[in-house]
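As you go down the protein sequences, you meet chains A and B in turn. In the numbering used here, each number is its position in the first sequence, counted from 1, plus 25. In the numbering used here, each number is its position in the second sequence, counted from 1, plus 25.
Hints are computed from structural coordinates only; laboratory data are not their basis. Certain hints may be false.
Each pair may be met inside one copy or between any two copies, as identical chains are not told apart.
Stated by the list, open to error - Simulated crosslink set (DSS-like; lysine-lysine; CA at most 25 Å straight-line): (1) 132 x 558; (2) 30 x 558; (3) 558 x 241; (4) 321 x 558; (5) 405 x 395; (6) 542 x 558; (7) 542 x 245; (8) 173 x 558.
2 protein chains.
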Amino acid sequence: MSILKVNMTQREVVSEPFPNDKIVGGRAMIDYLLTEYGIPSAHPLAPESIFVAAPGLLAGSGAPQSGRISFGGKSPLTGGIKEANAGGTAGHKLGRLGIRAIMVEGKADEWHILKIDSSGAKLEPAGDIVGMKNYPACDKLRERYGEKIAIIIIGPAGEMRMANSTVAVTDPEDRPARHAGRGGVGAMMGAKGLKAIVIDSNGTSVRKAVDGEAFKAAAKKAAEAIQNGPLTEIMHTLGTNVCIDADGDRGSLPSYNHRHGAFEKRKGLCSNTMIELNNARGGSMGNSCMPGCLVKCSPIFHDADGNHVTSALEYETVAMLGANLGIDDLDAVARMDRQCDELGLDTIETGCAIGILNDAGIFEFGDAAKAEAYIEEMGKGTPMGRILGSGVTGTAHMFGIDRIPAVKGQGIPAHSARSLKGWAVTYATSPQGADHTAGVVEDDPLSPVGQVERSRKQQIATAAMDATGLCMFTFIDGQPELIAPMIAALYGVEWAAADFEELGKEMLRQERAFNIKAGIGPEADGLPDWMRKEPLPPTDAVFDVPQEELQQLFNF
Amino acid sequence: MSILKVNMTQREVVSEPFPNDKIVGGRAMIDYLLTEYGIPSAHPLAPESIFVAAPGLLAGSGAPQSGRISFGGKSPLTGGIKEANAGGTAGHKLGRLGIRAIMVEGKADEWHILKIDSSGAKLEPAGDIVGMKNYPACDKLRERYGEKIAIIIIGPAGEMRMANSTVAVTDPEDRPARHAGRGGVGAMMGAKGLKAIVIDSNGTSVRKAVDGEAFKAAAKKAAEAIQNGPLTEIMHTLGTNVCIDADGDRGSLPSYNHRHGAFEKRKGLCSNTMIELNNARGGSMGNSCMPGCLVKCSPIFHDADGNHVTSALEYETVAMLGANLGIDDLDAVARMDRQCDELGLDTIETGCAIGILNDAGIFEFGDAAKAEAYIEEMGKGTPMGRILGSGVTGTAHMFGIDRIPAVKGQGIPAHSARSLKGWAVTYATSPQGADHTAGVVEDDPLSPVGQVERSRKQQIATAAMDATGLCMFTFIDGQPELIAPMIAALYGVEWAAADFEELGKEMLRQERAFNIKAGIGPEADGLPDWMRKEPLPPTDAVFDVPQEELQQLFNF
Numbered sequence: 026m027s028i029l030k031v032n033m034t035q036r037e038v039v040s041e042p043f044p045n046d047k048i049v050g051g052r053a054m055i056d057y058l059l060t061e062y063g064i065p066s067a068h069p070l071a072p073e074s075i076f077v078a079a080p081g082l083l084a085g086s087g088a089p090q091s092g093r094i095s096f097g098g099k100s101p102l103t104g105g106i107k108e109a110n111a112g113g114t115a116g117h118k119l120g121r122l123g124i125r126a127i128m129v130e131g132k133a134d135e136w137h138i139l140k141i142d143s144s145g146a147k148l149e150p151a152g153d154i155v156g157m158k159n160y161p162a163c164d165k166l167r168e169r170y171g172e173k174i175a176i177i178i179i180g181p182a183g184e185m186r187m188a189n190s191t192v193a194v195t196d197p198e199d200r201p202a203r204h205a206g207r208g209g210v211g212a213m214m215g216a217k218g219l220k221a222i223v224i225d226s227n228g229t230s231v232r233k234a235v236d237g238e239a240f241k242a243a244a245k246k247a248a249e250a251i252q253n254g255p256l257t258e259i260m261h262t263l264g265t266n267v268c269i270d271a272d273g274d275r276g277s278l279p280s281y282n283h284r285h286g287a288f289e290k291r292k293g294l295c296s297n298t299m300i301e302l303n304n305a306r307g308g309s310m311g312n313s314c315m316p317g318c319l320v321k322c323s324p325i326f327h328d329a330d331g332n333h334v335t336s337a338l339e340y341e342t343v344a345m346l347g348a349n350l351g352i353d354d355l356d357a358v359a360r361m362d363r364q365c366d367e368l369g370l371d372t373i374e375t376g377c378a379i380g381i382l383n384d385a386g387i388f389e390f391g392d393a394a395k396a397e398a399y400i401e402e403m404g405k406g407t408p409m410g411r412i413l414g415s416g417v418t419g420t421a422h423m424f425g426i427d428r429i430p431a432v433k434g435q436g437i438p439a440h441s442a443r444s445l446k447g448w449a450v451t452y453a454t455s456p457q458g459a460d461h462t463a464g465v466v467e468d469d470p471l472s473p474v475g476q477v478e479r480s481r482k483q484q485i486a487t488a489a490m491d492a493t494g495l496c497m498f499t500f501i502d503g504q505p506e507l508i509a510p511m512i513a514a515l516y517g518v519e520w521a522a523a524d525f526e527e528l529g530k531e532m533l534r535q536e537r538a539f540n541i542k543a544g545i546g547p548e549a550d551g552l553p554d555w556m557r558k559e560p561l562p563p564t565d566a567v568f569d570v571p572q573e574e575l576q577q578l579f580n581f
Numbered sequence: 026m027s028i029l030k031v032n033m034t035q036r037e038v039v040s041e042p043f044p045n046d047k048i049v050g051g052r053a054m055i056d057y058l059l060t061e062y063g064i065p066s067a068h069p070l071a072p073e074s075i076f077v078a079a080p081g082l083l084a085g086s087g088a089p090q091s092g093r094i095s096f097g098g099k100s101p102l103t104g105g106i107k108e109a110n111a112g113g114t115a116g117h118k119l120g121r122l123g124i125r126a127i128m129v130e131g132k133a134d135e136w137h138i139l140k141i142d143s144s145g146a147k148l149e150p151a152g153d154i155v156g157m158k159n160y161p162a163c164d165k166l167r168e169r170y171g172e173k174i175a176i177i178i179i180g181p182a183g184e185m186r187m188a189n190s191t192v193a194v195t196d197p198e199d200r201p202a203r204h205a206g207r208g209g210v211g212a213m214m215g216a217k218g219l220k221a222i223v224i225d226s227n228g229t230s231v232r233k234a235v236d237g238e239a240f241k242a243a244a245k246k247a248a249e250a251i252q253n254g255p256l257t258e259i260m261h262t263l264g265t266n267v268c269i270d271a272d273g274d275r276g277s278l279p280s281y282n283h284r285h286g287a288f289e290k291r292k293g294l295c296s297n298t299m300i301e302l303n304n305a306r307g308g309s310m311g312n313s314c315m316p317g318c319l320v321k322c323s324p325i326f327h328d329a330d331g332n333h334v335t336s337a338l339e340y341e342t343v344a345m346l347g348a349n350l351g352i353d354d355l356d357a358v359a360r361m362d363r364q365c366d367e368l369g370l371d372t373i374e375t376g377c378a379i380g381i382l383n384d385a386g387i388f389e390f391g392d393a394a395k396a397e398a399y400i401e402e403m404g405k406g407t408p409m410g411r412i413l414g415s416g417v418t419g420t421a422h423m424f425g426i427d428r429i430p431a432v433k434g435q436g437i438p439a440h441s442a443r444s445l446k447g448w449a450v451t452y453a454t455s456p457q458g459a460d461h462t463a464g465v466v467e468d469d470p471l472s473p474v475g476q477v478e479r480s481r482k483q484q485i486a487t488a489a490m491d492a493t494g495l496c497m498f499t500f501i502d503g504q505p506e507l508i509a510p511m512i513a514a515l516y517g518v519e520w521a522a523a524d525f526e527e528l529g530k531e532m533l534r535q536e537r538a539f540n541i542k543a544g545i546g547p548e549a550d551g552l553p554d555w556m557r558k559e560p561l562p563p564t565d566a567v568f569d570v571p572q573e574e575l576q577q578l579f580n581f
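Based on the sequences and whatever the hints tell you, model everything.
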């Protein structure tokens, strides 16, 4: 298999073989390439900075729900290393094409598309899709390149190099609804002058395992475990949005700019409401974000006239654009989600950023029309739009606001930190900034005791999971005994559960080392000071895991 | 003598005695108080962060040109420790009142004034000066408190907590034209709810030295040295603006957004032009910024009708709002300087910020009307005004620009880094960010050799100078043998040249320690990467002092 090295300045694409026995993929590939080729002192958007797209280790194989793809580089949002991943159809197609990563450097003065198929890869002028929103741009690209392609694309936000911009990946229904949302990966891609990557895997077949029999057995065992997994049924029927009630009940649903943990109007946003509306309007729960998915947790949401509004209306989006803005109108939230998908904006960061405008005295909670108008401004790149497009920390900086719900510049997501102290340790310490997918910890949520240890364990396991291309709902605690045999058989190497754990550790070490070289010291680990003082109703919890303990997290 | 501790939340002012033999003042007092009471992890604008005003060690004494006053805290611009100082009449008055520092903590919900006179200090409602520009606000305050007061005040920019906001001090003509410009000290004061400090020293007299005879002799010797100093005559007749030609000649005059080092239209901006206009219009060169000044370097600038436009039209202002924006119209630059003084904006940061809008494609070099309009927007706090009000790094972030002329978030000033490699080492390494007053190095400007050593020496000497309240034009290399005897005699302590040097070292150590605790690691030392690659015409110099050498600067 190979790595595509794309030099945008020279308009050159070179395919280099990549050692089969180097077991890095997805987030681990980003960590590896940033460690080898990244320049920690460079500006994230400088030509010298690299942008990486990398499917997981199991991409293109028959392993269940293993098609996630990672994007990353040096983040314009955090100033440190960043990875964000998404489902969609691109990961598997790249795996089938034998591509383990795309590493992009330099900068083209005009917008380009990277076209990849079984005959090779080349850069082409982006043409009329420049400046277009994601849905119509993808329609155009299918007209140009055929129906059976996967598309990786940035919207106007990424073109404007906004720190709150995403990379979108088309889903099984060909919609650009799967977003690598966090850390401004869209701006990283935009800074290269790369508008889209078009992947046509026609003529390829499922990746062959070196040890076919062992792989088949391991994949079957994993699939059975997933189907019997504790989350599968609930995610399939209620979607991730089940957390509106689950987090609301335990006081960890961010509401009113992170000032409350149980939105009193959450009935309007919850899964049951979504299901009722879907049943009445022809929307649906339980859709796959990628081929081979067994959990199928994603909703497709229609409006009152029965027309498609948005896909992947997930909990984080509903919480941050709904409850956190005091909005209980699911239709408005769905429209905002669609606009964020169109423009290439992270819904978490957007919800945090608009939320603090309440502190600035210019946004009233519950004003959905104004929130929608702000998102439109982001798409137009007005000064106000650029402020919001910089994310919550940039917005706070512009308005002189000191109560900022962010860690390392990245907005705190929708599993509220103060009432979920273990998860909060992950936000506080992850080299990725406040990231809800960097290490889920739900045990004993109101106690500060033992949370550093729990978070450490989960951050290591999650990092390794992010290397595989497996969805985090596959095995929420890692389950290396199920994963490692698939990788060992696919690559034909000795690779066991202990290697899985060591991979996770090595990734975190590399990420932390990059950050330190980029000027982000260990002292940057921590939640904002105000979260240690301001109680969050209804639990009235403050964050009280001692700072000294946080500094122990990376002792492994 | 004493320290005033002001708690804005409680509306309390307490006067605490301060040990006479603790030889800290000005910038050293800020370093000391931040080390003792500062919270490096707190947001710069949080109630927990402290704001400090501290006159120099010689304040209120008869020492020549020793009335500078320092302001500081944790900077909203750099995220680290920050001190900025200014002339004016406040420093000496505080010294005469026996006040060695004012330390402000907490936050008042309504704007207040701190009124200080020989009977004590108290907080009063700010009343109708809230929202006013600095000149009219000072007029109002004199109506309210009498003519013979010194005023320390923030403008609308500081009220809006802009990271590019200053603290103004009234000058001997009672104009708020002396600004502690850098690092957003205005926002620090604004974050407390403190609009102004009014100082009435009526009924006090010059501070008595413990050893009067020795002090008199030492002060006389210092005064003679100043009068015979190498800079005195030239600064008095040509002003700091002499650098328009001096820096232009050596290729270190930032022009066109730091893309050229010798503005070809600089004749319109130079000292001779200023002198001609002054002679014709009734303006003047050679004014004092504070009582007791012997150098008298400041211009007062009038318009074509003979009306006062601005005071203190200094080189950094003329270069950054003129040459760096491609503007050669001194009248326009003077109007912009006045507006910056009115609003409380740093002219260096403002010139850097507007300059990069050329890279954003929305500002054409030479468009003075647009530059003036942008400054007005900053005063109004429009979204565009808030972007510019955040300084050059914030502005770049909003527009996705990666070529940023800044170190640690602070804009690079008007002695251009690439053609002045020693001075550039100061910009690269000072805990204060890119600061032209943190350690002047002019020797062998195009060679990288020996610059770290030169900068180290000057940074130590300058830090100690910043503790004394002496103007940097007093003794550009420190001259502790002239300064130490004045301090020893004034305070009645053993204090020699070696103590002066040790004070400077201790200050830098404290500043660096604070920054590290605030998450700014040693890796943040350095010029932006692009300055190592992009040659600056006409010298075509790049910055090439090795990064490893920069890391040696603090080895003392």
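Tested hints:
Taking identical chains as interchangeable, the C-alpha atoms of residue 132 and residue 558 lie at most 25 Å apart only when they sit on different chains, with a minimum of 16 Å there against 45 Å within one chain. For the homomeric pair residue 30 and residue 558, the shortest alpha-carbon distance between copies (23 Å) is at most 25 Å, but the shortest distance inside one copy (48 Å) is not. When the C-alpha separation of residue 558 and residue 241 is checked against a cutoff of 25 Å, the pair qualifies neither within a copy, at 53 Å, nor between copies, at 53 Å. Proximity of residue 321 to residue 558 under the C-alpha cut-off of 25 Å is found in neither arrangement, the shortest distances being 40 Å within a copy and 50 Å between copies.
For the identical chains of this complex, residue 405 and residue 395 are neighbours both inside a copy (15 Å) and across copies (22 Å), given an alpha-carbon limit of 25 Å. Taking the closest pair of Cα atoms, residue 542 and residue 558 come within 25 Å of each other only across two copies (20 Å); inside a single copy the shortest separation is 32 Å, beyond that limit. For the identical chains of this complex, residue 542 and residue 245 are neighbours neither inside a copy (43 Å) nor across copies (51 Å), given an alpha-carbon limit of 25 Å. When the C-alpha separation of residue 173 and residue 558 is checked against a cutoff of 25 Å, the pair qualifies neither within a copy, at 54 Å, nor between copies, at 44 Å.
Violation of the numbered hints given earlier is confined to hints 3, 4, 7 and 8; the remaining hints are satisfied by the structure.
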